[in-house]
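Asker: Sequence:
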Amino acid sequence: MTTPTTAPSAGDRPRWLTFDCYGTLIQWDEGLQAAVRRLLQAKQADGLDPARLIARYDHHEHALEQTPPHRSFRELAGLALERALGELGLPAAPGDVRVLTDGIGAMPPFPEVVPTLQRLKAAGFRLCIVSNTDDAVIAGNVAQLGGCIDRVVTAQQAGAYKPDRRLFDHAHRQLGVGLDEVLHVCASPHLDLVVARDLGFRCVWIDRGTGRQPLPDYTPLAVLPTLDRLLPLFERFGWIEPSPASPSAA
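Read in order, the letters of the sequence shown are residues 1 to 250 in the working numbering.
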């Protein structure tokens, strides 16, 4: 399990908390593996390790996200999946991308996510998702978050995908915040921590033990194993009142 670590200075309480969606709030790795297994079964290739297809899909998806012209996530995912299947000698079908993107929209939150968001919202934080996806794809995920999310900013709206700073610039403009008024919470070092480092906003990394590696030249405000660990962290910072069950309230 990841050992929680914190940087020494928290700063003032942020007005907005922004969240990466997939892997931070939503069970991305688990859901993607399930969708890929369905694809492989439909192609009678269920003997193939899903991790091989996912690795090639990820490679092409991230490359296409940074290659002009800007494409919708559904179009981009379709191209990435077609290329990945071809590299593994598997045929692509028109409905493949629907299996993948519909599966993404149905992915559930991690068990601790909704109660944590409810507590943060009750404490007066405004909550926003900043995600590399389309509005229609993420709608199914947001609907599972208990009505806690105040704003959703997507790559579709910004016309750019992380780690392009334009997605975060657009999000901050939409929220009307400066860099010192926001805290970002994420699970992806190479997509989110890179931008936090380059732009200089505060960031908490949720390291769920997936093997993703930290950046060698950036220390986030904290590294936590699950989202609910934000609550005692924020209590220590004086940003929220301790709960009666919290050790800090004793």
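Everything labelled a hint here was simulated from the structure, so no lab data went into it. Cβ coordinates follow ideal geometry from the N, Cα and C atoms, glycine included. A couple of the hints might just be wrong.
Stated by the list, open to error - Quick list of simulated restraints, FRET-style, between CB atoms:
no., residue 1, residue 2, range
1, 58, 209, 15 to 23 Å
2, 88, 136, 27 to 35 Å
3, 144, 238, 30 to 38 Å
4, 49, 243, 39 to 47 Å
5, 180, 157, 20 to 28 Å
6, 150, 218, 23 to 31 Å
7, 44, 217, 30 to 38 Å
8, 30, 238, 17 to 25 Å
9, 179, 45, 44 to 52 Å
Asker: Regarding residue 144 and residue 238, is the given constraint of 30 to 38 Å on their beta-carbon distance met?
Answerer: holds (31 Å)
Asker: Is 30 to 38 Å respected by the C-beta to C-beta distance linking residue 44 and residue 217?
Answerer: violated (46 Å)
Asker: At the C-beta level, are residue 30 and residue 238 separated by a distance inside 17 to 25 Å?
Answerer: Check failed, 35 Å falls outside 17 to 25 Å.
Asker: Does 44 to 52 Å hold as the CB distance between residue 179 and residue 45, or does it fail?
Answerer: holds (47 Å)
Asker: Range hint 23 to 31 Å: satisfied by the CB atoms of residue 150 and residue 218?
Answerer: holds (27 Å)
Asker: Can you tell me whether the CB distance of residue 58 to residue 209 sits inside 15 to 23 Å?
Answerer: holds (18 Å)
Asker: Does the Cβ pair residue 180, residue 157 satisfy 20 to 28 Å?
Answerer: The hint (20 to 28 Å, Cβ to Cβ) holds, given that residue 180 and residue 157 are roughly 24 Å apart.
Asker: May I ask you to test the hint 27 to 35 Å on the CB atoms belonging to residue 88 and residue 136?
Answerer: About 28 Å separates the Cβ atoms of residue 88 and residue 136, which means 27 to 35 Å holds.
Asker: With 39 to 47 Å as the target window, see if residue 49 and residue 243 comply at their CB atoms.
Answerer: holds (43 Å)
Of the numbered hints stated above, those contradicted by the structure are hints 7, 8, listed in ascending order.
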